[in-house]
Amino acid sequence: MTSRVLMVLVTLVGCIQAADKYWDYIVVGAGPGGLQMGHFLQKAGRNYVLLERNSVAASFFEKFPRHDQLISINKRHTGKKNTEFNLRHDWNSLLSDDKSLLFRHYSKLFFPQRVQLLDYMADYQKKLGINVQFHTEVSNIRKETNATTNKTVFLMDDQNGNTLKCKVLIVASGLSKPVEPKFQGSEFTENYSDVSINPDDYEGKSVLIIGRGNSAFELAESIYGSTNFVHMIGRSRVRLSWATHYVGDLRAVNNALLDTYQLKSLDAVVEATTDDMQLVKTGDRLKLELVDQQAGVSENIYDNFAMRDLYDKVILCLGFQFDNGIFNSSLNIKKSKGREDKFPLIGYDYQLRDVEDLYIAGGASHGPDFRKSAGGFIHGFRYTARALHRMLEWKYEGVPWPSVSILSTDLLATIIKRINEGSGFYQMFGMLGDVMAIRSAGEEIEYLEEVPLNLLDRLSEITGHSYDEVIVLVLQYGANFSGPGKDVFRIDRATGEPSDAHNSNFLHPVFYHYKQLPTAEQMSSKTKYEILPRPDHMHHIVEDFLTLWDAPSSHILPLRRYLETVLDRDLRTFYASDCLSMAMLHQTVPLYCQQHYLSGRGIIRAEPLFQQS
Amino acid sequence: MMELAYAFKDKFKFALTTEVESIKDLPGYKPDENVAFWVLHCKEGKDDKKPCSATKYRDSIDLLSLARFLHVIDVEPMLVLPGSDHTFYEQKDMHVAAIIADKDNVDEIKLEIQAFLSKYRGYVGFLIVDKTKFDVANLGFKQDIETSMVGLKLRGETTWQLMPEFEMPEAFLDSKLQATVLPHREQVTSDMTDTENDPVQEDEDPLQEEDDEVAKTVRVIHGRSLDHTHVQRLTEETFTAQTQSTESLVVMFYLVFDVRSKASLLSFLEASRLLAADSLFPLATVECHDERDLCASQNITSYPTIRVFRKGKKYFNYNGVRGAKEIYSFVKLLLADAPVKLNTFEEAKLFLDGKIPKGFDNVTDVSVLGLFKENSDAERKAFRSAAKKLRGQFLLGEATGDAAEAIAKTIPNKLQLPKVVVHKRNDEFRPIQVCPPFTESGMVAQCARDGALVMFPELTASSFPKMYEESIPFLILFTHGRDNNIYRTVGALSADVNVPNVNYCWMDLDAKDGLAMKILINYYDNQIPSTPSLNLVDYQKQRTPALFTPALSTLFKQCVWSVTEELPMGEWKPLLEGYDFLKLMDEGKKAEDMDTSVTNEYGVGFDSDGNYLEKKTDEMSPDLEAAEKEIHDELLRLSRFYPKRGGGSHVDKTDRVHPEHTEL
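These protein sequence lines are chains A and B, in that order. With this note's numbering, letter number 42 in the first sequence gets 42, and the count goes up by one each step, no holes. With this note's numbering, letter number 500 in the second sequence gets 500, and the count goes up by one each step, no holes.
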């Protein structure tokens, strides 16, 4: 009897709990990506929670990177006061209105320590009051449809057997699972995650590192002074970040081993894939052999085979991947293919393919821009999270994408301001861009910031604004700038000539004008180097050494001519007397005179008086 | 030229020639010129054997400049002082050359000037000054100026350029005129709608030639520091404290990259200097690139925005003319008491005359005076509240009781109090407007605004927009100054309530900028009408009013008049197309024929787009298989897994030649 009562009680409590544990939005993970989403949800006053399995925010950084040093730059000074501009060179801060939450207040190091990031993330969560439920490890995420209302809800279990529910699920669990390929002899390898980081353990050892990423080089650099030599293999050629503009490629801060390789100091780097190799135990040491996949036999047919020496340690440093073990198999979560196989398969709206209302934020949302932009890193996904949040606001709350309406004669100044400060499209170059919708026969512009470019065909669906004719402002590098056989320091690597701006190699503003928004078909038939489909008019502002696009003749004037061509209007400014003369001789006046002079805001010419030196 | 010939048919004979032979002996003939224009003074030439003296036209060949020239070509080219008006040539907007003589050499100099005079007719007027009889100080010379000195005062300038001795006055004049005529010519030809006359340097890209007049003039300040002595430069850190601690602060939010901001900033800084002279320092600036967050919090989306803060709170935006004088006047009015308390009849009287408060007579021509009985509280409250709204626009004063009664008696129609009186010192046709006793402040403000409109204003760049806003036609009198009957007639009509509702205004044909003449000629299809002229123009094509009221019919008999019905639309299209980057890129692509055959940059197991090639499955086509094998082999060959073989793609496994080192 007693036990039965107890059982009923337990069930009751379970019911109450189940009823209580509902949020409109659940964010899984309180790392940088989750916290960034949390801040936007908090600011918008949404019913949400972040579920974090550990006891602290951003717990990944309790252990990683193993050698403590972050490789995101912490540029504390730029000589500028513009806070938006400064975010272009602050790769660690999350977005917020709180100026104390800038990373430069947390570290003086250009490459900060991971503990400093932990401090920062903890403060970010607390100061902004982001609702995080720690010690909550979710699993068995599934979806349920209410038969009567036909509404769907996500359910998941925590480690205590509670069921948690939400309407919209945002998974920001990052890339937490080490990549560990299986091959003949892989059981003899160690992994970056738990290999010793004490150089003493490598004294006089011959080490093979499998992997070519920053973690592999980070390890190599920390031990190469103790070892006999370090060999590194990776399946792709070494891609240097400063050559590819991709911050996930090998950063100069980690590449010291390239030096010792090229100076023939025993350390070395070669190309191979684990698919082609096996490890054979030879006494205490390990021998690497090539295998022919089909025949399954050794291919070491040359007696001068590069890696014929024996190794004491073989370490896997192949990075991390998305852990989809938290999902019930009924959701059928797919991984990306090809190079993006570390990431879940999502669309440009960050929603999982085939699972409505399930989104990815943070590092795991890098799939769509992998090796293209910075969406896998704090300084990138803080913006994609904002874009995602804006899309959610429209889709679920009916709040359209924020926009500002301006006069066409204010457009030139507005653009010049944006290209000289905007950080979102600077970091997420080629992925996020500003959209200027042309309204009222070209007299007004509605300006939207940092819209996902690949969703341009679905603009009204994602923003809640319906537009036909738009100009899209994108920052992009020159196509095909780097690659095998190309010298990124070649003497003609940059141009300064405005009419040659389309050959700019460095990040520069590019404008796409569409009389009609591109169609889905046009979007999907872009070629490899195209950021957007072929527009009706295109403009490049020539790359600038200072990334300061303020030169009257070289930057501003050609842009004005472009806008004039697009709007088919004369956009010049006139002094009041010239406006008067034109107004008295014509039925219409140039747009500036119409929008400013005739409203009483004419300009009278005055002479400059310069500061005495 | 035909229009000119028509307009001046009574004064000149016109001839046109394409025969170089017939003109090559004329002074100033240049064989490389396409067009040239001379005036031959044959009526004056008494000697039949000699050719007529000739004057070559030096300005640009356009109607306005030519007309101006023909107007003055027949003025007496040389005057002797004393005996003439020494300002004669300046009034005619000509250059003036003064030659200092004494009683001994006057005639001699006259003869010498006569010799080359014709060359400069229509441009330079010669004053021969007998300094023994005429006080040279009247001309602005020092008393000790030597005889035979030549002074040249260029059109529009106030100072004399001196040549020491009367040796080569012609060369002196030529070189000085060259310096003025040439820039002048450029200025005249740069028509706002037409750049084809603009001289374009051959190797310069016309797309990079600035054709925005404002941008051109502010270019000089690019990258330089302007004198901000009298304005506070506010930052996010100082903004709140500064606006709160100041009664009224006028803040210009601007953008350092923006042309309009720069041009407006110059006016703003100039205004700050004018205000500083009155010991006023209420102007401040915020630069929106540096102070991004501050401007964002103020929702600034248009540059510049001039915003008034009172005790830290946003009051309103200044939407007036961005001119130094205009901003100065606005700020002065903004800072004045609103309303000014006037305690006596005398004070109220002085207030209406613009003498109280001191120093406002050059700021505004309008005084708005509330006259109240001691007990008219509701009206006074409405007036005071309206005064707050009108701050910055008018000077407002208030008088009560006896003082108010006394003033009311001086106003025509002997007012019953309470009343609001608008006194316009610049309106000779209706200087006083009286508003009924409103108890609602909005009505008071509106009445004051309407009442302050000048009945018959001069049409200028500043006055036009307000009239234009009315959306009614303009009746414009083009006249030489206002000292004439027709001006007074139209002015009087404008104040008549029975005439059609149009904007009555006038333009001065003698104004230095020449705008009135330019417009007038244009209204008469590029012919020069006799003046004064009255024109009805409907800029917004609303409706043409019934004009032929008796009053106007009489008026029209007195002058040339016309209805300008169909103005050209104005095609305000871009002057030049921007760079066609799509075309340039297409051409570039063709030329380059982008080499896509480069080795796979992504490595083993990837296709050329970096897509991972899945392991072989049964479905894999032989083609794909071959492709994968090829990439695989290629990578192995290129990678330093094996030593690289020289020559041929086939890997010869018996060859042991060691290759040279290659890149990674």
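You may find that some hints are simply not true.
[To be verified] When the alpha-carbon atoms are kept at most 20 Å apart in a straight line, the in silico PhoX-like pairs for lysine-lysine are as follows:
id, chain 1, residue 1, chain 2, residue 2
1, B, K11, B, K24
2, A, K205, A, K99
3, B, K50, B, K9
4, B, K341, B, K373
5, B, K11, B, K131
6, B, K583, A, K526
7, A, K205, A, K127
8, B, K583, A, K515
9, A, K99, A, K143
10, A, K486, B, K466
11, B, K92, B, K56
12, A, K515, B, K573
13, A, K526, B, K419
14, B, K389, A, K528
15, B, K373, A, K528
16, A, K43, A, K80
17, A, K372, A, K526
18, B, K13, B, K43
19, B, K30, B, K133
20, A, K372, A, K143
21, B, K43, B, K103
22, B, K373, B, K419
23, B, K131, A, K526
24, A, K99, A, K182
No wet-lab data here; the hints were simulated from the structure.
Now the hints, each set against the structure:
no. : hint              : in the structure
1   : K11(B) / K24(B)   : violated (25 Å)
2   : K205(A) / K99(A)  : violated (49 Å)
3   : K50(B) / K9(B)    : violated (25 Å)
4   : K341(B) / K373(B) : holds (14 Å)
5   : K11(B) / K131(B)  : violated (36 Å)
6   : K583(B) / K526(A) : holds (18 Å)
7   : K205(A) / K127(A) : violated (48 Å)
8   : K583(B) / K515(A) : holds (18 Å)
9   : K99(A) / K143(A)  : violated (40 Å)
10  : K486(A) / K466(B) : violated (63 Å)
11  : K92(B) / K56(B)   : holds (19 Å)
12  : K515(A) / K573(B) : holds (18 Å)
13  : K526(A) / K419(B) : violated (74 Å)
14  : K389(B) / K528(A) : violated (61 Å)
15  : K373(B) / K528(A) : violated (83 Å)
16  : K43(A) / K80(A)   : violated (28 Å)
17  : K372(A) / K526(A) : holds (15 Å)
18  : K13(B) / K43(B)   : holds (11 Å)
19  : K30(B) / K133(B)  : violated (43 Å)
20  : K372(A) / K143(A) : violated (33 Å)
21  : K43(B) / K103(B)  : violated (31 Å)
22  : K373(B) / K419(B) : holds (9 Å)
23  : K131(B) / K526(A) : violated (86 Å)
24  : K99(A) / K182(A)  : violated (47 Å)
In summary, the structure is inconsistent with hints 1, 2, 3, 5, 7, 9, 10, 13, 14, 15, 16, 19, 20, 21, 23, 24 from the numbered list given earlier, while agreeing with the others.
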